[in-house]
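A.B. asks: Sequence:
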Amino acid sequence: MKTLNRLLIICLAVTLAACEKPEANAAPGGMPPAQVISTVVKPMDVPVSFSYTGQVAASHEVEVRARTSGIIEKRLYEEGRFVKEGDLLFTIDRAPLNAAMAEAKAALVSAKAAKSSAQAQLKKAQRDYARVIPLANKKLLSQSDKDDAESALEIAKAAILQTEATILQAETAIKTVQISLDYTNVKASISGIAGRAMKLQGSLVQAGSDSLLTTISQTNPAYVNFGIPEPKQISQQQEISSGLLKIPASGFKVALTSSNGQQLPQTGMVSFEDYKTDPNTGNFAVRATVDNPQRLLSPGQFVRVNLLGAIRPQAIVVPQRAVLDNPQGKYVYVVGKMKGKDGNEMTVAQQRPVEVGEWVQLDGDLENGWIIKSGLNASDEVVTEGSARIFFPGMPIMTAAAAEKAASKSKPSAPVKTEDATEKTPQSGGVTKNNSEANQQQADVQKKEKSTDSSNLMSSELKSELENEMQNSVENGTKKSTSNETAQMNNNKKSSEQ
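Be aware that the sequence shown starts at 1, since it is given in the UniProt record's numbering, and climbs by one per residue.
Don't read these hints as lab results, they were simulated from the structure. As the structure is a computational prediction, the values presented were derived from the model and not from experiment. Be aware that one or more of the hints could be misleading.
To be verified - Here are the simulated distance ranges between beta carbons: (1) 178 / 265: 44 to 50 Å; (2) 238 / 274: 32 to 38 Å; (3) 169 / 74: 29 to 35 Å; (4) 175 / 265: 31 to 37 Å; (5) 178 / 258: 47 to 53 Å; (6) 391 / 241: 41 to 47 Å; (7) 241 / 293: 38 to 44 Å.
Cβ coordinates follow ideal geometry from the N, Cα and C atoms, glycine included.
Kindly generate the complete structure, drawing on both the sequences and the hints.
C.D. replies: Quick look at the structure:
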């Protein structure tokens with residue numbers, strides 16, 4: 001019983017020693033303030049860009065088709081290579097057309113011969129008519145002779161007209177065959193990239209629906225087609241109307257990024273924007289025209305289209321690392337003030353939900369920053385580094401600026417010599433009083449430190465004594481238990497002997 005009372009007294013002493021008043025700058029529960037870095041947000045005009053997925057297309061694309069039928073003799077270009085306007089791409093067999101040309105020329109010769117014969121007949125008819133008419137007028141020939149002469153003359157004239165038509169027909173046939181002969185040399189109508197050949201050497205090509213030989217795509221300049229979703233377009237129009245967004249008067253400039261994230265050198269301008277949405281995709285069709293002198297952009301290639309030139313006036317931007325996530329959305333920690341349990345004002349981290357806009361890249365501290373659309377005001381102080389040290393909203397914090405200010409105030413000043421101050425003027429009593437108060441405060445601090453050290457020493461001594469007492473109690477309890485077991489065994493032995 002005596003030992004138990006002693007243990008209770010020791011425990012009470014240890015408890016009292018442990019209940020020392022925490023340091024003034026410690027957080028509730030004894031946790032020190034979290035060290036953070038903060039910045040004061042300032043509205044500014046921020047350039048923003050809008051990014052969409054686009055696909056490269058040729059600015060001019062033509063189909064190369066056979067305009068005459070025949071067998072393809074040769075393909076004279078390299079598939080997928082650049083060709084110039086007028087370059088020879090294919091040749092088609094000319095033999096049938098050469099024969100047709102010879103036939104047309106023969107028909108022309110025959111028509112011309114027929115014309116000569118008709119001209120001779122006309123001259124004869126004219127002579128006969130010239131002889132018959134005077135005689136018929138003198139009643140020396142019958143009226144029938146006169147009519148025959150007139151008819152012969154008219155027939156001769158008609159024969160001339162017919163032969164002239166035959167000649168014209170023969171000449172037209174020659175021209176037609178010549179055109180077909182020219183079409184046997186298939187040439188590039190524009191400069192660009194020639195595609196793969198749709199007909200091989202030796203294949204029969206028919207002028208008409210089955211006449212496609214290849215395609216040529218002009219890629220300088222190149223088109224980049226992309227779409228703006230309808231909700232995005234409506235939102236931007238509303239922001240423009242409300243003054244939250246300014247777009248360039250001359251149109252958006254365009255920068256391209258490849259599928260692997262590499263910035264491409266080609267630049268351009270938006271050249272077309274449809275006024276209606278595509279019912280299949282729900283997007284507004286937009287087209288950009290970009291320079292492509294080295295032909296690095298190929299039709300069908302996917303790129304990232306970045307529209308440049310827009311500005312968000314007086315926007316609030318915070319570093320990307322300052323924006324955090326939780327199940328409710330995005331938030332930031334704002335430096336705030338609140339009173340502690342002791343009534344003193346302390347600096348704490350206040351959680352502030354925010355709505356973010358575009359992710360911008362600026363120089364300096366705001367590199368890779370979020371535009372905050374709502375949730376922050378000008379002059380709010382936002383925690384930018386050290387958020388991982390904040391375990392809960394309202395946790396006490398110490399900003400780097402506050403820590404630096406406190407450190408500058410805590411630097412020891414030069415010691416003041418009391419005797420010099422008292423000897424200067426009769427008005428130095430205030431200085432002496434201040435020195436006395438400083439000395440008294442220093443003595444109080446030293447006294448408190450000694451008291452704390454004594455309490456700590458007492459606590460350690462009591463703890464050591466408590467451990468010794470507990471060990472002795474355990475040993476005594478073990479001995480008593482052993483004695484009781486021995487006595488019980490003896491009693492059992494006696495009972496069995498009886």
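A.B. asks: Taking the hints in turn, state whether each one holds.
C.D. replies: Each hint, compared with the structure:
no. : hint                  : in the structure
1   : 178 / 265: 44 to 50 Å : holds (48 Å)
2   : 238 / 274: 32 to 38 Å : violated (19 Å)
3   : 169 / 74: 29 to 35 Å  : holds (34 Å)
4   : 175 / 265: 31 to 37 Å : violated (51 Å)
5   : 178 / 258: 47 to 53 Å : holds (50 Å)
6   : 391 / 241: 41 to 47 Å : holds (44 Å)
7   : 241 / 293: 38 to 44 Å : holds (39 Å)
When each numbered hint is compared with the structure, violations occur for hints 2 and 4.
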